[in-house]
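Chemist: Fit chains B, C and D to the known structure of chain A by using the hints.
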Amino acid sequence: MFEQFFAFASNLVQFTNQEKQLIQSAFTFRQVPRKFRLTEEGKIAREVYFINKGLLRLYYTKEGEDITAFIFKENLFASSYDSFLRKVPSIQTLEALEDSDLLVITYDDMQRLYELVPAMNTLTRKIAEQRFINAQLVLSSYILDSPEERYRKFEAEHGDLLLRIPHYMIASFLGITPVSLSRIRKRLM
Amino acid sequence: MFEQFFAFASNLVQFTNQEKQLIQSAFTFRQVPRKFRLTEEGKIAREVYFINKGLLRLYYTKEGEDITAFIFKENLFASSYDSFLRKVPSIQTLEALEDSDLLVITYDDMQRLYELVPAMNTLTRKIAEQRFINAQLVLSSYILDSPEERYRKFEAEHGDLLLRIPHYMIASFLGITPVSLSRIRKRLM
Amino acid sequence: MNKRIKTEIIIDSSKEKLWELLTNFNEYPHWNPFIRSIEGELKQGARLTNRLQTRDKIMVFKPIVQEVIPFHAFSWMGSLWIKGLFDGRHYFSIEEIAPNQVKLIHGEDFSGILSTAILKKIGDATRNNFVVMNQALKQLAESGASSDR
Amino acid sequence: MNKRIKTEIIIDSSKEKLWELLTNFNEYPHWNPFIRSIEGELKQGARLTNRLQTRDKIMVFKPIVQEVIPFHAFSWMGSLWIKGLFDGRHYFSIEEIAPNQVKLIHGEDFSGILSTAILKKIGDATRNNFVVMNQALKQLAESGASSDR
Chain A
1 MFEQFFAFAS NLVQFTNQEK QLIQSAFTFR QVPRKFRLTE EGKIAREVYF
51 INKGLLRLYY TKEGEDITAF IFKENLFASS YDSFLRKVPS IQTLEALEDS
101 DLLVITYDDM QRLYELVPAM NTLTRKIAEQ RFINAQLVLS SYILDSPEER
151 YRKFEAEHGD LLLRIPHYMI ASFLGITPVS LSRIRKRLM
Chain B
1001 MFEQFFAFAS NLVQFTNQEK QLIQSAFTFR QVPRKFRLTE EGKIAREVYF
1051 INKGLLRLYY TKEGEDITAF IFKENLFASS YDSFLRKVPS IQTLEALEDS
1101 DLLVITYDDM QRLYELVPAM NTLTRKIAEQ RFINAQLVLS SYILDSPEER
1151 YRKFEAEHGD LLLRIPHYMI ASFLGITPVS LSRIRKRLM
Chain C
2001 MNKRIKTEII IDSSKEKLWE LLTNFNEYPH WNPFIRSIEG ELKQGARLTN
2051 RLQTRDKIMV FKPIVQEVIP FHAFSWMGSL WIKGLFDGRH YFSIEEIAPN
2101 QVKLIHGEDF SGILSTAILK KIGDATRNNF VVMNQALKQL AESGASSDR
Chain D
3001 MNKRIKTEII IDSSKEKLWE LLTNFNEYPH WNPFIRSIEG ELKQGARLTN
3051 RLQTRDKIMV FKPIVQEVIP FHAFSWMGSL WIKGLFDGRH YFSIEEIAPN
3101 QVKLIHGEDF SGILSTAILK KIGDATRNNF VVMNQALKQL AESGASSDR
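Chains as they are written, first to last, in the numbering used here: chain A, 1 to 189; chain B, 1001 to 1189; chain C, 2001 to 2149; chain D, 3001 to 3149.
Just chain A, same shape as in the assembly (with noise of 0.2 Å):
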């Protein structure tokens, strides 16, 4: 269960096998089904999930339709990140949007992680390099490019999500109506 995420990260970092055991003691392998809700808006996420299998959607919601924040799939860490690190109630929620292998680690063991295996940090230092990246991609594309462009990207870069989950979500996700992503779609193909 643990091949995934040491595959995953030996490309940022080395573990020794002492730190392995540690990290395989400090995570809990969750099987969850399609639907179902890691953190609820209003409570303070405590975990963060790395996916080994399935996708998690974080998503908003505004007088009552919801709003994609971001949809995380196999081999990224998922969570409501900012309600986890303040412990304040997390304005987002987080949910499974196919049936879903996860290994979870709480706030307290990770900080346990971080002091026990100092690599720890270079791996969170990384990852969040890496999502920093992605988070400026996102951002730029809203602020320089037109929906159509933005819709491209996505599909350059997430084709595989157009055919796992349903296009409203997508829609909110790049900042477009569903009727225009129709649209958009109809004209590409």
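No wet-lab data here; the hints were simulated from the structure. Where hints are given, some of them may not hold.
Said to hold, decoys possible - Pairwise CB distance ranges (calculated):
hint	chain 1	residue 1	chain 2	residue 2	range
1	C	Thr2116	A	Met189	52 to 62 Å
2	C	Pro2029	A	Gly175	52 to 62 Å
3	B	Leu1012	D	Arg3051	34 to 44 Å
4	A	Gln14	D	Arg3051	51 to 61 Å
5	C	Lys2120	B	Gly1159	48 to 58 Å
6	D	Arg3051	A	Glu115	50 to 60 Å
7	B	Gly1159	D	Arg3047	55 to 65 Å
8	C	Met2077	B	Tyr1142	47 to 57 Å
9	B	Leu1012	D	Arg3055	29 to 39 Å
10	B	Arg1046	D	Glu3067	18 to 28 Å
11	D	Asn3128	B	Arg1046	22 to 32 Å
12	A	Val88	B	Leu1188	20 to 30 Å
13	A	Lys87	D	Pro3033	45 to 55 Å
14	B	Tyr1142	A	Glu115	34 to 44 Å
To be verified - Covered, in the sense of this in silico footprint (three residues per stretch, anywhere, with C-beta under 8 Å from a C-beta of chain B), are these stretches of chain A:
hint	segment
15	60-67
16	76-85
17	112-126
18	130-136
19	140-146
Note that the Cβ used here is the ideal one computed from N, Cα and C, for glycine as well.
Modeler: The following block gives chains B, C and D in isolation, referenced to the frame of chain A:
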């Protein structure tokens, strides 16, 4: 020149005296005047800046107009970080809004410092977490709040900046027109 | 941080029903791919005889029941050869999430001077066995088959 | 990473003008708050006599000019007492940014068995002195005062 940096860092991580010396050797102290460009759009950002004094603005240029992405003030690390990390041409410009005193580090020296001073990984991780929290708050405010609420939050958090920089820059950062910003300000006064 | 294996699964079932399935040892041979059978009584201090399926053979353990909290949790403590070498506290716990949804927590905490070395060899396989059992239990509980004894 | 102090300042000046101001040692007593005077010739291999202002006194160093690249850079190498204890390569370098804007780089690379201990004591003060001189030079260059000799 490093007292401020070490005071800031001491809230997040402990450095030994030897580590402090390595850090002092890795950073260059640079004084730049108002309007000086540290990163030009189209060029690779090869440095990161810790601000001892002054203000730096990161902005996009679109159809001849600039759109403020972020304003960095004292005790923050500033850069076109995406360009810095990936070594690709920057899609943003980083410019001093005031005469500024900076601690500068290059990409290569940064990597060497991560090797020599492992605690730097922890520092960067914690800074990245803070930055993530802030970015999250800005993004959430974009999605959930009215322009007026966005302005209120900005004023509460960064009231000092209202006195230090032209308001049209704040308007584009808040995603509203300068005219709306001035209307909102009148209404709230 | 102690050496531990911890696995969880979300099951659409009442906690009462899941408790019944999990504690009805007589039925284990019919559905459980990991703990092939348990003989003995689920009662604090009682000794059990557990037959566990490992990759190529059946291993027999004789742990002692530690704790039983009806509809919520039970655990047993077992040792390899003699106490102090490789001891394990194996536990199950059921948390209600909604009236017809629970989280099954299935784990083991290890101690003893050989535990690091042994876990290095069999940790992954053991965790995998826990998960295989969790999934079989989920299927059993959600299949609609009555659990009335 | 070697022990070093590196400071920089952006100055609105041509590189020719800044070079003149920086290499006209005769004028140092009039504007330079850190290097109060330099005697000697700016020529590779020449020995200089530098009087440096520290917090409470003037210290005299007699370094040897290492390198002179007109309009771009010069450096000297000095030692405390004898070579090998605390040696420093002090350098200035001018980079053109625009026709009337340059970056002055002013630094020192340290070596020697006492360098860690000594820098721990005087590193911050030394860096501060470099910056004070940079600022004075900027003011001089940008003040419009002619630099014609």
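Chemist: Now look at each hint and say whether the structure bears it out.
Modeler: Evaluated hints:
no.	hint	verdict
1	C/Thr2116 - A/Met189: 52 to 62 Å	holds (57 Å)
2	C/Pro2029 - A/Gly175: 52 to 62 Å	holds (56 Å)
3	B/Leu1012 - D/Arg3051: 34 to 44 Å	holds (42 Å)
4	A/Gln14 - D/Arg3051: 51 to 61 Å	holds (53 Å)
5	C/Lys2120 - B/Gly1159: 48 to 58 Å	holds (57 Å)
6	D/Arg3051 - A/Glu115: 50 to 60 Å	holds (52 Å)
7	B/Gly1159 - D/Arg3047: 55 to 65 Å	holds (58 Å)
8	C/Met2077 - B/Tyr1142: 47 to 57 Å	holds (54 Å)
9	B/Leu1012 - D/Arg3055: 29 to 39 Å	holds (32 Å)
10	B/Arg1046 - D/Glu3067: 18 to 28 Å	holds (25 Å)
11	D/Asn3128 - B/Arg1046: 22 to 32 Å	holds (27 Å)
12	A/Val88 - B/Leu1188: 20 to 30 Å	holds (26 Å)
13	A/Lys87 - D/Pro3033: 45 to 55 Å	holds (51 Å)
14	B/Tyr1142 - A/Glu115: 34 to 44 Å	holds (36 Å)
15	60-67	holds (count 3)
16	76-85	holds (count 3)
17	112-126	holds (count 6)
18	130-136	holds (count 5)
19	140-146	holds (count 3)
In the structure shown, no violation is registered for any of the earlier numbered hints.
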